[in-house]
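S.K.: Here is how the chains run, residue by residue.
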Amino acid sequence: MTPMPITRKQATRLVRRLPVNRAVSTVARSSSRATRMARTVLIDPPTPAGVERPQRKRNVGADYDTGWARAWPARLVRLAALNLVWRPLAEAFASPTVYGADRFVDVEGPVIFAANHHSHADTPLMMTAVPEPRRNRFFIAAAADYFFANRFSSPLSALFIGAIPVERHRVSRTAIDQSLALLADGWNMLIFPEGARSPDGWGQQFTAGAAFLSSHSGAPIVPTYLMGTDKVLPKGRSFPRRHHVTVTFGAPLSIAEGEDTKTFAARVQAAVARLADEAGSDWWQASRRAASESTPSLQGPDTGSWRRSWAASAKKRRGTYRSWPKV
Amino acid sequence: MPRPGFVLDVDRSTPPILFHHGEGFRLEKLPAGRTRVIYPAEPLEPLKNPTGAIRDALDNPIGDSEPLRALLRPGMKLTIAFDDISLPLPPMKRPDIRQRVIEAVLEMAAAAGVDDVVLIAALALHRRMTEDELRHAVGDRVYDAFAPRGLLLNHDAEDPDNLLFIGETEKGEEVEINRRAAESDLIVYVNINLVSMDGGWKSTATGLASYRSLRHHHNPHTMRHSRSFMDQHRSELHSANWRMGKVLRDSGVKVFQIETTMNNNVFGTEGPMSVLQKREWEWTMKDRVSMMGMKAALDRMPQRTRRSIFNSWQAPHAMTSVQAGEVEAVHRLTTENVYAQHLVPVEGQTDILTMGLPYISPYNVNSILNPILVACLGLGYFFNLYRGIPPVREGGVVIMSHPTPWEFHPVHHPSYIDFFDQVLSVTHDPVRMEQEFEKSFAEDEWYRHLYRTSYAYHGVHPFYMWYWCAHALQHVGQVIIVGGDVRAVRRLGFKPASTLQDALEMASDVVGRDATITHLHNPPILMADVS
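Protein sequence lines, in the order shown, are assigned to chains R and L.
Position 198, counted from 1, in the first sequence is what this note's numbering calls 198; the numbers after and before it change by one each time, with no gaps.
Position 428, counted from 1, in the second sequence is what this note's numbering calls 428; the numbers after and before it change by one each time, with no gaps.
No wet-lab data here; the hints were simulated from the structure.
Even for Gly, the Cβ is constructed at its ideal location relative to N, Cα and C.
What follows is a set of in silico ranges between Cβ atoms, one per label pair, in the way DEER data are often shown:
id: 1; chain 1: L; residue 1: W281; chain 2: R; residue 2: D185; range: 33 to 41 Å
id: 2; chain 1: R; residue 1: A38; chain 2: L; residue 2: S274; range: 52 to 60 Å
id: 3; chain 1: L; residue 1: Y339; chain 2: R; residue 2: L84; range: 48 to 56 Å
id: 4; chain 1: L; residue 1: A340; chain 2: R; residue 2: L84; range: 48 to 56 Å
Make the full structure from the sequences, and use the hints.
M.R.: This is the structure:
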């Protein structure tokens, strides 16, 4: 029997020195290091017994700091999302028609868009409907308990819709200060003064938030009426369906001398109601009804729920008559 | 503070001067020592709050008129007439001035409970406005509210059922206007005063009139005795309209006139077109690059593409004043405001007047500037933009720069095609045209049908364009067109030249070798105040 050229021990040593084995061991070592690092980053270290853990500062909800979302990298991402995601989606599901953008061309400086609120589709539609260059410096007052509820939704809301958190059920000094600072810096604001989406297609009472911000910042309010978004993505649905939407902007309003914010908020609500009338009929009919103080209320009839739903379904959109007259 | 217009004496250091040349440009080195260039004033400051200014004007009328609110009452018949597509030039960016004014008027009408409201585009014998053009002028809100119900109309000067004969002036001129307007309790006229010829009684007495009425002042006699028709104190056209206005007023037709003026901001202060609004020696490197790029690109583009690019341009004009009330008092103030933007003092006449004609005139918005309109733009409009005496001496030469293509818009200008073929091939004399040809074109059933139902100018319109040139044709010794289609230029009765140097050489046969030259740097619009 011919003896082996090398011993078993030598062969084992040689195999261990093969490059492939070195690579495997490096990967294994780094992977275990990455895992350790991830664990260190993501999982809180255990608190030693007998030590009281200090209260951490919350960075979600109304306390979430959205300052980074106004920096250039975030703005570029938002611009890309607007043109590559929101706009195609808006066109596909809502094919929005925009009226009245000419009403605020003379305004220099930022404005506050105060719109009725039917649906989650309202925000992206407004982002696409607001004309440039206001669209490029645009932020939205969004419910802190919904859009900033956790560590995942908070940055996404700030990044993709430019939201800042606003508490719905109490007055938050942080949100007011942040809004005023952004308005002073030339950013345009979108606010839904109803505070929440409509449950039945009719409007709700306007709160005085937009009026307060306008009176303190000097930025006029552009009343805005969105029609049809409740059909695109009604409250309770998670997937949109196709329906035509109109966005009607009104003439800018500013607080009058001696007027309090509550009265101003009522005036803004009346302006949105007039726009709703205009969107449902035409500008002249709405003007005549406004002049005779018979503009239909945004809140709908004060009757039982089924009759309110029945009346809501009877609202028509404009342009149902012939479009090419003999002129 | 905008700088006023001024006259530049050309010397050796003067850079090449910009000449508009249809849908393109030429840069021409003008002879030093004997040439001057008249530059327009920079755009006047616009009104800070135009909507507020309009409301203020309606509440504080001028002359013998009550505020608009006091004139409106429930149950009345209200007609709002407004200027047509020929104003302003180029069409302005939205919102149009007419939209702002009409909305303010309608807000007051709604508050007063006025139900019976009709809007009429006062287009006289111009083509009807399309839906897009009406939407642009009055805005979507007004269009959507009135047009579907048939309450927004184009005036029809050939509809016998909707015209009303009002009477005759002391000179026997018949006054016949739109019946709806004449029978209304109040006509609110919404005007844009681009040049000093617009507005006043001309708005109603011409814009809402019929051919029967218009022929009394749209003729060679009136035009030859209007020196110029931009100067209302020396304009027979103006006098005739004022006589007709008196007939209207005496017959009980009540007009609340709203006149607006706008600044010279035609090409904007930013963007590639802004270079066209700057003085050549102030062109920055960016301006020079954009001019070179624009010129090179335009020179290589097909005509159709060039035209479509220029026709899509909307000027950032802004409103500089608004006045409302009694027609004559309003127009006096309006004219002062127009002059504030346009008048440039000029001393003495010149031997040769040069002008670069742009792509647009009042009669080819969204259309083609055909050879007849080229003549009208140069010899009708540009030549007449003077007060006092013409900038060119009697027997002098006018040199115009324009490609003058033998091309017509078949829908907008059908009678122009026949006029060019059948009339201009026989005579260039406006008086002979009027006597021998006008009636057959004006009463042609096919042209009448196209005017009423399609988008054609009235059959007689090309005659009016030629009459518009009557004063210049009588005054100057020769007209030369640089860079034009040779056949088309000859058909017009003018001389063709390939270059400006050739044209000056040809002109020297008429006015001598050391003739003085004046160039009108227009647009933006200027009006020479020649002393």
